[in-house]
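Numbering (UniProt numbering), first residue to last: 1 to 249.
It is possible that some hints are incorrect.
Derived DEER-like restraints, expressed as beta-carbon distance ranges [said to hold, decoys possible]:
1. T174 <-> G230: 52 to 62 Å
2. F120 <-> R188: 23 to 33 Å
3. R188 <-> I156: 35 to 45 Å
4. K122 <-> Q185: 19 to 29 Å
5. L80 <-> S145: 23 to 33 Å
6. N125 <-> W208: 43 to 53 Å
7. E136 <-> Y164: 22 to 32 Å
8. M179 <-> E227: 31 to 41 Å
9. E178 <-> I103: 39 to 49 Å
10. E175 <-> N135: 10 to 20 Å
11. L229 <-> I103: 56 to 66 Å
Hint data in this document are derived by calculation from the structure and do not stem from the laboratory. Note that beta-carbon positions come from the ideal geometry of N, C-alpha and C, so glycine has one too.
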Amino acid sequence: MTKNFELIEDIEKIRKVMEISAFETGFTSKDTVKASQKLDNLLNELGIVERKHSSEPFHVDIGKINSVINNEASILLTNLEGTILYANSKCCQMIGYNKDEIIGKHTRIFNSRYHTKEYFKKMWNTILSGQIWKNEINIKRKDNSTAWNMMSIFPILDDNNQPYQFLTLRTDITEKKEMEFAAAQKERQLSSLITNAVEVIGIINEEWNIIYQNNAIEKVIGYKAEEVLGTNIFNYLLNFRTNKVGDPR
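Turn these sequences into a full structure, and let the hints steer you where they fit.
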């Protein structure tokens with residue numbers, strides 16, 4: 001029965017971490033929210049609040065608990081050094097490893113070399129101080145492909161409020177990041193096309209001030225972009241028409 005109580009306390013910790021992740025840090029993964037709610041419902045169903053400190057024996061349905069934890073949220077548990085202590089099925093599915101392949105290994109096996117040392121230094125400083133770390137991270141999967149995760153790391157504190165383990169929740173955001181990268185690339189291509197176009201291209205805002213001109217305009221009128229940006233288009237055209245020399249403004 002003691003083991004049951006300890007297990008329930010661990011489940012409650014996981015549920016609370018999920019709840020914090022979903023509602024306090026903005027980590028609004030539907031899977032994480034659903035997992036938190038299901039664990040909460042399961043604990044209530046077992047009558048844990050009323051019976052946890054009772055001497056009355058009770059049965060814990062390990063199958064139900066494992067189903068919720070394994071299928072609804074990606075969970076990774078490490079020690080202070082980053083050695084993996086536990087990974088659930090959802091996590092293993094996301095990273096492409098079997099559980100036995102990563103238990104006892106350091107989390108650096110997921111390092112894709114995308115991020116700088118400073119990035120990881122900031123992460124470790126944050127979680128070792130007992131604070132929650134949340135950010136996007138590029139990881140390497142077992143097949144050497146890379147993926148983007150939104151990852152939150154929660155320090156698990158001892159009785160002295162010092163971290164002794166870290167619980168990680170993650171959501172795959174690879175598709176979202178690929179769309180962002182594709183949009184940024186199209187924007188760069190369009191910008192390059194406009195800048196180097198043979199045709200004269202300029203852009204003005206709602207106040208009729210010039211906010212962009214391409215290289216073709218500079219060749220025609222002789223003014224560099226930094227000389228005309230912010231200039232009212234009517235003053236610009238008037239000065240150009242009268243061939244006024246100097247600042248077009």
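_Verdict for L229, I103 (Cβ pair) under range 56 to 66 Å_ = Taking Cβ atoms as reference, L229 and I103 lie about 59 Å apart, which means the hint holds.
*asked:* Range first: 31 to 41 Å. Now tell me if the beta carbons of M179 and E227 are that far apart.
replied: The hint (31 to 41 Å, Cβ to Cβ) holds, given that M179 and E227 are roughly 38 Å apart.
*Evaluate the given range 10 to 20 Å for the C-beta pair formed by E175 and N135.*
Taking Cβ atoms as reference, E175 and N135 lie about 18 Å apart, which means the hint holds.
*Verdict for T174, G230 (Cβ pair) under range 52 to 62 Å*: Hint violated: Cβ distance 41 Å, outside 52 to 62 Å.
*Range agreement (Cβ of Y164 with Cβ of E136, hint 22 to 32 Å)*: 27 Å, holds
*Confirm or reject the claim that L80 and S145 have a C-beta distance inside 23 to 33 Å.*
29 Å, holds
*Between K122 and Q185, does the C-beta distance stay in 19 to 29 Å?*
28 Å, holds
*Could you say whether the range 39 to 49 Å given as a hint is met by the Cβ separation of E178 and I103?*
31 Å, violated
*asked:* Verify the CB-CB distance for R188 and I156 against the hinted window 35 to 45 Å.
replied: The hint (35 to 45 Å, Cβ to Cβ) holds, given that R188 and I156 are roughly 43 Å apart.
*Range agreement (Cβ of W208 with Cβ of N125, hint 43 to 53 Å)*: 50 Å, holds
*Falls inside 23 to 33 Å, the C-beta gap from F120 to R188?*
28 Å, holds
Consistency with the previously given hints fails for numbers 1 and 9, ordered from lowest to highest.
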